[in-house]
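*Asks:* As a plain string of letters, each chain reads:
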Amino acid sequence: MFKLGGYAGKILYVDLSKKKWWSEELKQSLAKSFIGGTGLSAYLLWHLLGRGVDPLSPENLLIIATGPATGALSPSSGRFAVVSKSPLTYAWAESHAGGALGPQIKYAGYDLVVIRGCAEKPTVLAIDDTSVEFIKAEDLWGLDTEATTDEVRAKLGKDYHVMCIGPAGENLIKFASIIVDYHRALGRTGLGAVMGFKKLKAVAVRGSKGVEVHDPDKYKEVLEDFLWRNTKGPWALPAKMSLWRYGTPNLVTVLNAIGRLPTKNHWTGYWEEADKISGEALLRYRAAKTSCFSCAIMCKQVTKVENGRYAGTVTGGPEYETVFAFGSNLLISNVEAVIYFNKLCNQLGLDTISTGKVISFLFECYEKSFISRDIVDFEPTWGNEEAVAKIIEAIAFRKGIGDILAEGVAKACKTIGDGKCCDFALHVKGLEVSGQDPRAQKSVGLTWAISVRGADHLRSLTTVDELGYRDVAAERFGVDKVECVCDRLTEECKALIVKDQEDFFAVVDSVIMCKYGTMWPPMYYFDFVAKLLKPLTGIEEFGNVKYLRLVGERIANLKRCFNLREGIGMESEKLPKRFTEEPMPTGPAKGYVCNLEDMLIEYYALRGWDYRTGLPYVETLNHLDLGFVIPVLEDIYGSLPRRSKNG
Amino acid sequence: MGLQIRSLKVDPNLCTGCYMCTLICSFSKFKVFNPRLSLLRIDYNYKIGRLEGYALCNQCGNCISVCPTKAIYMDFSGIVRIEHSKCIKCLSCVSACPNNVIVVYNGIPYKCDLCDGDPQCVKFCLVGALHV
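Taken in sequence, the protein lines are chains A and B. So in UniProt numbering, spot 504 of the first sequence is number 504, and the numbers just go up one at a time. So in UniProt numbering, spot 6 of the second sequence is number 6, and the numbers just go up one at a time.
Derived by calculation from the structure, the hints in this document are not laboratory data. From the three backbone atoms N, C-alpha and C, an ideal C-beta is built for every residue, glycine too. Treat each hint with caution, since some may be false.
Looking from chain B toward chain A, a few residues come up when the C-beta cut is under 10 Å (computed) [as the list claims (entries may be wrong)]:
| id | residue |
| --- | --- |
| 1 | 14 |
| 2 | 17 |
| 3 | 18 |
| 4 | 33 |
| 5 | 45 |
| 6 | 48 |
| 7 | 49 |
| 8 | 54 |
| 9 | 58 |
| 10 | 124 |
| 11 | 126 |
| 12 | 127 |
Calculated lysine-lysine pairs in the PhoX-like style (CA-CA distance at most 25 Å, straight line) [unchecked claim]:
| id | chain 1 | residue 1 | chain 2 | residue 2 |
| --- | --- | --- | --- | --- |
| 13 | A | 220 | B | 89 |
| 14 | B | 47 | A | 240 |
| 15 | A | 209 | B | 89 |
| 16 | A | 218 | B | 123 |
Build the full structure now, drawing on both the sequences and the hints.
*Replies:* Here's what the structure looks like:
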């Protein structure tokens with residue numbers, strides 16, 4: 001039989017309840033229709049997970065996914081995805097991480113690992129070429145992520161790469177993370193709690209099989225192109241001067257300059273003290289410059305604090321999202337404290353974005369007198385480092401008010417202040433908002449609203465408007481659209497670019513490549529992915545940009561249908577009032593609000609969805625070969641809308 | 001002063017652990033991406049961000065003397081090569097290699113030949129940690 005290049009060709013199934021594992025062949029037709037990674041996971045989750053399954057139940061699945069590019073020296077391809085149903089949002093859950101674990105899964109001979117059931121006692125899953133072992137891990141339960149990783153590697157061997165949870169995942173904190181290779185995080189949507197419920201303390205992987213490609217000579221040419229783009233091409237120097245030099249914290253200065261640095265629980269987008277937490281400020285603490293596996297962008301770093309209150313703190317990062325969440329968001333200008341909170345969250349296994357946002361929510365509640373001083377044993381005031389450290393621990397161990405915050409802001413605001421604080425509990429679909437502001441970049445509002453996992457930037461954040469790349473805008477959307485595309489403060493044209501980016505990222509997250517190189521700098525687009533995938537896999541259609549766009553749309557639609565099946569539709573596609581009704585009070589974007597409605601209407605039209613019901617047209621689903629979702633959705637919603645004959 | 005032998009060298013402080021050198025090596029030699037088949041090995045510690053160990057062929061020539069069929073020789077530029085038509089797959093060279101960087105693939109030993117003057121690992125080392 002014709003063997004596809006790039007793929008391992010097998011899916012590993014693990015049942016934790018029965019302590020059984022088996023593998024099944026990856027059907028070529030599925031690879032062709034959904035590529036891999038998040039696309040293939042969407043297909044499997046749709047078919048293997050029943051409707052309305054409790055995310056914290058043995059029935060929920062945890063899918064660890066690679067794509068055809070994983071392990072094959074494609075640009076920034078060391079990443080992998082974990083997909084599930086979220087205990088935080090009850091919607092589609094997806095998170096990606098770098099490090100070097102993803103490629104090991106491929107080298108062990110699997111494209112995906114599908115984990116179901118629930119172990120009776122704490123377990124470590126050890127996967128290699130020939131076996132899957134269920135190792136008792138009662139002694140590891142309670143350990144932080146660093147100690148867990150150390151212990152697992154001491155037990156199994158240094159060549160194992162480890163993803164694990166800390167106390168937060170064990171205690172089912174709804175935004176618990178999974179930490180990979182010590183410092184990389186599958187942060188969002190509470191996947192750590194899914195592992196915690198399954199009593200799965202860690203997954204350790206090593207592999208020694210290789211990845212073959214379909215057409216090595218042609219593929220070598222692609223690699224030469226990749227090398228050229230990263231060393232000599234037009235984006236090589238900008239990437240080197242920012243991501244390579246500073247890592248993602250470089251964004252602090254860039255975003256403050258356009259008034260989009262979330263400050264004081266997203267009250268405003270400009271902070272006078274931003275320089276103190278900038279990429280430049282962090283450089284002084286750099287202990288090592290590192291990268292993920294198979295990456296030429298190399299944005300990673302290990303940071304160390306030598307002196308003062310936080311002396312001895314060593315951590316990977318912090319990344320921009322953490323710097324905003326614990327810096328400007330909480331008005332903490334001591335960058336050493338930010339480094340420490342990053343370390344603390346990673347050790348405990350907490351998502352830094354959600355953690356920062358639940359804390360800023362608490363601070364605002366206190367500032368506005370919705371909570372009294374006596375319910376907390378620390379003063380929850382802006383800039384109070386000591387309070388932040390205490391709340392982080394209280395959340396991870398569900399102590400006192402931490403137990404309420406551990407459920408995420410959407411639920412916490414109903415308990416704290418009797419629901420009167422929900423206007424500044426900033427989330428979409430229950431996922432706390434990330435480090436952007438829709439008032440200063442209108443496309444962000446649409447991105448947050450329509451993202452299948454909630455207020456999240458990584459499914460469709462556009463940089464062409466954020467930074468005003470006129471050449472890129474002209475190339476992708478036509479010369480006549482340049483003005484409106486590049487104006488980040490108008491809602492016009494934003495549906496167009498967000499939809500385009502969402503389709504592209506659906507492909508990127510399935511291939512799997514990093515957002516750095518595909519989001520910023522806009523070095524790789526559909527044309528490159530087509531050029532890469534065809535010689536890599538041998539699938540003829542992958543060489544066609546039009547086909548890849550169709551696959552991107554298919555994946556984006558299927559993920560949305562997953563949410564629709566859970567009853568999460570257009571009523572969830574809204575923004576907190578802060579962004580639609582409170583004009584930006586200070587900074588370069590002063591006076592702006594985000595008008596979501598117009599962008600949404602346009603986006604729905606581009607997607608082929610009915611704006612009155614929020615449901616996809618039957619024609620749209622059929623066009624995307626997603627006919628299999630129609631009877632399921634019709635069972636829930638009655639008949640699906642059809643396009644009227646005249647338009 | 002004798003002949004200046006060209007061989008791979010590494011500056012451990014510059015390595016970031018991207019492993020692209022090992023990937024391009026196995027691909028160039030065997031048309032497969034597999035760090036375990038690479039003719040150079042690196043061991044990067046992601047916890048502290050440091051290259052902890054590495055193994056490269058320094059073209060020392062230890063393998064030449066143990067080869068019973070004289071299949072291994074040093075060419076005029078100082079690169080030690082295996083002439084596979086003469087190789088009887090006894091693998092004496094593998095055990096003679098002080099750095100353990102002769103890799104056996106499908107029963108046949110392979111060693112670093114600096115990719116005929118254009119070492120691919122050096123080319124894909126964007127931080128300049130590898131050089132000749």
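*Asks:* Against this structure, judge whether each hint is valid.
*Replies:* Hint check:
1. Interface restraint check: residue 14 of chain B against chain A, minimum CB-CB distance 8 Å, threshold 10 Å, status holds.
2. The criterion of a C-beta within 10 Å of any C-beta in chain A is met by residue 17 of chain B, whose closest approach is roughly 6 Å, and the hint holds.
3. Residue-level restraint check for residue 18 of chain B holds (minimum Cβ-Cβ distance to chain A is 4 Å; threshold 10 Å).
4. Against a cut-off of 10 Å between C-beta atoms, the interface hint on residue 33 of chain B holds, since the closest Cβ of chain A lies about 4 Å away.
5. The closest approach between the C-beta of residue 45 of chain B and any C-beta of chain A is roughly 9 Å, which is under the 10 Å cut-off, so the hint is satisfied.
6. Given the 10 Å rule on beta carbons, the hint for residue 48 of chain B holds: about 6 Å separates it from the nearest Cβ of chain A.
7. Annotation: residue 49 of chain B was flagged as interfacial toward chain A, and the flag holds, the nearest CB pair being 3 Å apart, inside 10 Å.
8. The interface hint given for residue 54 of chain B is violated, since its Cβ lies 15 Å from the closest Cβ of chain A, which is over the 10 Å cut-off.
9. The beta carbon of residue 58 of chain B comes no nearer than 24 Å to any beta carbon in chain A, farther than 10 Å, and the hint placing it at the interface is violated.
10. Contact between residue 124 of chain B and chain A, as hinted, is supported at the beta carbon level, the nearest pair being about 7 Å apart and thus within 10 Å.
11. A distance limit of 10 Å between C-beta atoms decides the matter here; for residue 126 of chain B the minimum to chain A is near 5 Å, and the interface restraint holds.
12. Evaluation of the residue 127 of chain B hint against chain A yields a held restraint, the C-beta minimum of about 7 Å falling below 10 Å.
13. Taking the CA atoms of residue 220 of chain A and residue 89 of chain B, the gap is near 29 Å; set against the 25 Å cutoff, the hint is violated.
14. In summary, the hint linking residue 47 of chain B to residue 240 of chain A is supported, as the alpha carbons are separated by about 23 Å, within the 25 Å threshold.
15. At roughly 22 Å between alpha-carbon atoms, residue 209 of chain A and residue 89 of chain B fall within 25 Å of each other, so this suggested pair holds.
16. A distance of roughly 18 Å separates the Cα atoms of residue 218 of chain A and residue 123 of chain B; the hinted pair therefore holds under the 25 Å criterion.
In terms of the numbered hints stated before, the structure departs from hints 8, 9, 13, listed from lowest to highest.
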